[in-house]
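Novice: Read off the chains here:
Protein chains: 2
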Amino acid sequence: MSKEKKSALREKKGVSVSEITNQSSIKTIKEKRRAEINTSALVTSILNKDITALSRAITLVESKNPTHLKKANKIIKACLPHANKSIRIGITGVPGVGKSTFIETFGKHITSKGKRIAVLAIDPSSSLTKGSILGDKTRMEDLVKDANVFIRPSASGDSLGGVARKTREAIILCEAAGFDVIIIETVGVGQSETTVHSMVDFFLLLKLAGAGDELQGIKRGIIEMADVIAINKADGDNLKRAKVAKVEFNRALHLYPEKLSGWQPKVTICSAINNEGINSIWELILDYVTTTSKNNYFQEKRHEQNKFWLIQTIEEQLKFEFFNHSKIKKELANQLLLIETNKKTPFAAADYLLGLT
Amino acid sequence: MSKEKKSALREKKGVSVSEITNQSSIKTIKEKRRAEINTSALVTSILNKDITALSRAITLVESKNPTHLKKANKIIKACLPHANKSIRIGITGVPGVGKSTFIETFGKHITSKGKRIAVLAIDPSSSLTKGSILGDKTRMEDLVKDANVFIRPSASGDSLGGVARKTREAIILCEAAGFDVIIIETVGVGQSETTVHSMVDFFLLLKLAGAGDELQGIKRGIIEMADVIAINKADGDNLKRAKVAKVEFNRALHLYPEKLSGWQPKVTICSAINNEGINSIWELILDYVTTTSKNNYFQEKRHEQNKFWLIQTIEEQLKFEFFNHSKIKKELANQLLLIETNKKTPFAAADYLLGLT
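Protein chains in written order, with the working numbering: chain Z, 4 to 360; chain X, 4 to 360.
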């Protein structure tokens with residue numbers, strides 16, 4: 004549209020105004036500016052240890068809105084150079100082991116040492132139940148009030164991979180906000196421990212004495228991941244049994260091949276509710292960090308984890324795209340039928356399906 | 004070209020002959036006919052239990068020549084409706100456990116029952132050493148001479164996935180050639196057991212008493228896969244120790260979760276060299292087949308294995324194509340560097356790389 008025409012149009016009533024005074028354009032421009040300001044202001048606030056800004060940024064990370072995600076990516080990129088300075092601790096244990104009480108006591112202990120601590124959670128059941136491990140914050144009443152503590156209920160997502168990504172990004176934001184210790188909590192019931200293990204520096208397994216799951220096959224993988232096993236509720240009548248369990252676990256741990264970290268996993272007992280044995284767990288973690296920093300494992304592990312998540316994300320996406328391709332969705336069942344009726348080998352069927360995309 | 008023109012050309016010397024008398028065309032046509040005749044003749048011979056034909060077909064399967072592979076695929080397709088009728092047995096054990104002697108004694112026992120037996124091998128080291136488990140056939144002197152026995156050294160390949168494919172296709176050919184029992188042998192040293200486990204009906208683990216590896220973490224996964232653990236060399240001074248080991252393994256096996264097959268894994272002792280305990284292993288295998296055929300697990304497992312190989316082959320290929328894409332090969336290292344220097348998250352790098360193809 005030429006200048007002349009625009010001017011002419013403007014003088015006639017009922018005709019849309021020129022672009023320069025078009026209200027919707029103005030709105031868009033303003034919003035864009037605001038978004039830019041917001042993003043960089045948010046980053047500045049996060050770096051200034053503003054917990055409200057941190058919370059808002061994590062909400063953006065967890066959003067499904069593409070505009071929010073774009074903002075989130077900008078914020079993460081800006082925060083990344085300021086991240087990576089915390090100790091990331093994974094804590095797991097079956098329901099009833101006393102995770103909340105442990106984290107409360109442990110958290111208070113760490114803040115008493117002048118450290119700032121963030122608690123995140125991965126809840127494998129949250130996508131089903133819409134609940135979340137830390138949702139019931141009343142379980143950590145004292146900790147919540149502490150200005151040096153940030154508690155965030157679990158990220159939800161459609162897949163564990165999605166939850167993992169959001170949690171990893173939340174870790175970066177918490178680190179940029181100056182938290183010294185990041186705790187990732189999960190329930191010891193399945194796949195989520197492996198996910199947590201692949202994003203933390205140190206893995207703490209909480210156990211109960213005599214709960215009957217010591218050597219169950221299903222728990223073996225988790226025991227193998229542990230850097231420290233802490234037998235909780237080692238108080239009153241339980242104390243003796245806890246000490247027996249400690250000996251048993253120690254024996255079991257020695258059957259595993261030596262860890263790449265050069266760290267021999269330790270077994271310890273504690274009573275979170277009585278604040279007993281908590282300090283020695285914290286000391287063990289500091290020992291672990293010292294040992295693995297010296298032999299360079301600490302940094303190498305983070306590099307490996309980054310590489311793992313790069314490859315993992317790519318592979319997940321490749322599979323997702325392939326199996327959600329309209330042609331594949333249509334043909335997969337047919338090919339399976341041909342295989343089941345011995346008309347095709349799985350390899351020939353794979354070749355055929357791969358040829359379709 | 005019209006008929007007239009062709010005739011005219013034919014009369015002039017030094018001008019190329021018409022298509023119908025073109026020697027290279029004739030050669031192509033003849034070769035095509037010969038290939039077709041060969042393929043279908045080979046299939047007929049295989050179905051007539053001709054071991055030479057079977058051998059030639061497996062050679063085609065193992066070839067890297069595309070023309071051979073095309074032929075191989077035709078043969079497999081024609082054989083497939085005649086396959087699937089054998090018992091597929093995986094046998095593994097560390098070097099020195101006496102696998103060759105065991106297979107020799109076991110094989111003779113089975114043929115004495117009127118069964119025909121094929122022995123294939125998966126050798127994880129063969130691609131490196133160019134050796135193969137069954138390459139040294141003199142180790143099975145008697146068995147080799149038996150007309151009811153077919154022994155084939157391990158397939159070689161660039162990847163375990165490639166070896167697996169060739170082995171799975173060799174199984175189909177052996178079954179079409181009327182073998183009742185297919186043994187897949189592998190060395191108990193790593194990944195190859197999982198591969199074998201995913202292509203057999205029954206998994207036999209050979210062990211030695213007091214070899215010190217009973218409860219080593221590294222062996223746990225293999226123990227978990229076993230349907231029967233046979234402690235070999237249970238003779239002379241070893242007999243007592245073998246009996247103790249049997250009790251220990253039985254205890255260990257009961258700690259594992261119940262198998263989907265409804266089959267409780269058994270521990271037994273044997274002396275292959277003295278032909279002791281061999282029949283009871285064969286009886287256990289027949290028991291297993293009866294039990295799992297009744298509860299339908301036998302057939303379900305084969306379906307699941309087929310599905311596994313379909314998905315596995317597709318995923319392998321998707322990854323292979325992506326990471327061998329020229330753009331990705333060029334850019335992957337850069338992205339890893341950006342991640343290591345905290346300029347990008349692994350997720351952002353993954354998004355970027357996925358956008359390149």
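Among the hints, erroneous ones may be present.
With the Cβ distance kept under 10 angstroms, some of the chain Z side facing chain X (calculated, not the full set) [stated by the list, open to error]: (1) 147; (2) 148; (3) 151; (4) 309; (5) 348.
In silico DSSO-like pairs for lysine-lysine, Cα to Cα no more than 27 angstroms straight-line [to be verified]: (6) 111/X x 322/Z; (7) 249/X x 322/Z; (8) 346/Z x 304/X; (9) 77/Z x 310/X; (10) 333/Z x 332/X; (11) 346/Z x 310/X; (12) 73/Z x 330/X; (13) 310/Z x 330/X; (14) 262/Z x 246/Z; (15) 330/Z x 322/X; (16) 297/Z x 322/X; (17) 52/Z x 111/Z.
On the chain X side, residues computed to face chain Z include the following (Cβ under 10 angstroms) [said to hold, decoys possible]: (18) 297; (19) 331; (20) 349.
If you are wondering where the hints come from, they were derived from the structure by calculation, not from laboratory data.
All C-beta atoms in this analysis are idealised placements derived from N, C-alpha and C, irrespective of residue type, glycine included.
Novice: All the hints need checking, so say for each whether the structure fits it.
Specialist: Verification of the supplied hints:
For residue 147/Z, the suggested interface contact is broken, since its CB lies about 29 angstroms from the closest CB of chain X, more than 10 angstroms. Against a cut-off of 10 angstroms between C-beta atoms, the interface hint on residue 148/Z is violated, since the closest Cβ of chain X lies about 32 angstroms away. For residue 151/Z, the suggested interface contact is broken, since its CB lies about 25 angstroms from the closest CB of chain X, more than 10 angstroms. Evaluation of the residue 309/Z hint against chain X yields a held restraint, the C-beta minimum of about 5 angstroms falling below 10 angstroms.
A distance limit of 10 angstroms between C-beta atoms decides the matter here; for residue 348/Z the minimum to chain X is near 6 angstroms, and the interface restraint holds. Restraint check: the Cα-Cα separation between residue 111/X and residue 322/Z comes to about 46 angstroms, which exceeds 27 angstroms; the hinted pair is violated. Restraint check for residue 249/X and residue 322/Z: the C-alpha separation of about 44 angstroms exceeds 27 angstroms, so the hint is violated. For the hint linking residue 346/Z to residue 304/X, the alpha-carbon distance of about 18 angstroms falls within 27 angstroms, and the restraint holds.
Of the pairs offered as hints, the one joining residue 77/Z and residue 310/X is violated, with about 42 angstroms between alpha carbons and a cut-off of 27 angstroms exceeded. This hinted pair does not check out: residue 333/Z and residue 332/X have alpha carbons roughly 32 angstroms apart, beyond 27 angstroms. Taking the CA atoms of residue 346/Z and residue 310/X, the gap is near 14 angstroms; set against the 27 angstroms cutoff, the hint holds. Pair hint residue 73/Z plus residue 330/X holds up; C-alpha atoms about 25 angstroms apart against a cutoff of 27 angstroms.
Restraint check: the Cα-Cα separation between residue 310/Z and residue 330/X comes to about 18 angstroms, which is no more than 27 angstroms; the hinted pair holds. The suggested pairing of residue 262/Z with residue 246/Z holds, with an alpha-carbon distance near 25 angstroms, which does not exceed 27 angstroms. This hinted pair checks out: residue 330/Z and residue 322/X have alpha carbons roughly 20 angstroms apart, not beyond 27 angstroms. Straight-line distance between C-alpha atoms of residue 297/Z and residue 322/X comes to about 36 angstroms, which puts the hinted pair past the 27 angstroms bound.
Distance check on the hinted pair: residue 52/Z and residue 111/Z sit about 19 angstroms apart at the alpha-carbon level, within 27 angstroms; holds. Interface hint at residue 297/X: violated, since its Cβ lies 20 angstroms from the closest Cβ of chain Z, which is beyond the 10 angstroms cut-off. Interface restraint check for residue 331/X: the shortest CB-CB distance to chain Z comes to about 9 angstroms, inside 10 angstroms, so the restraint holds. The criterion of a C-beta within 10 angstroms of any C-beta in chain Z is met by residue 349/X, whose closest approach is roughly 4 angstroms, and the hint holds.
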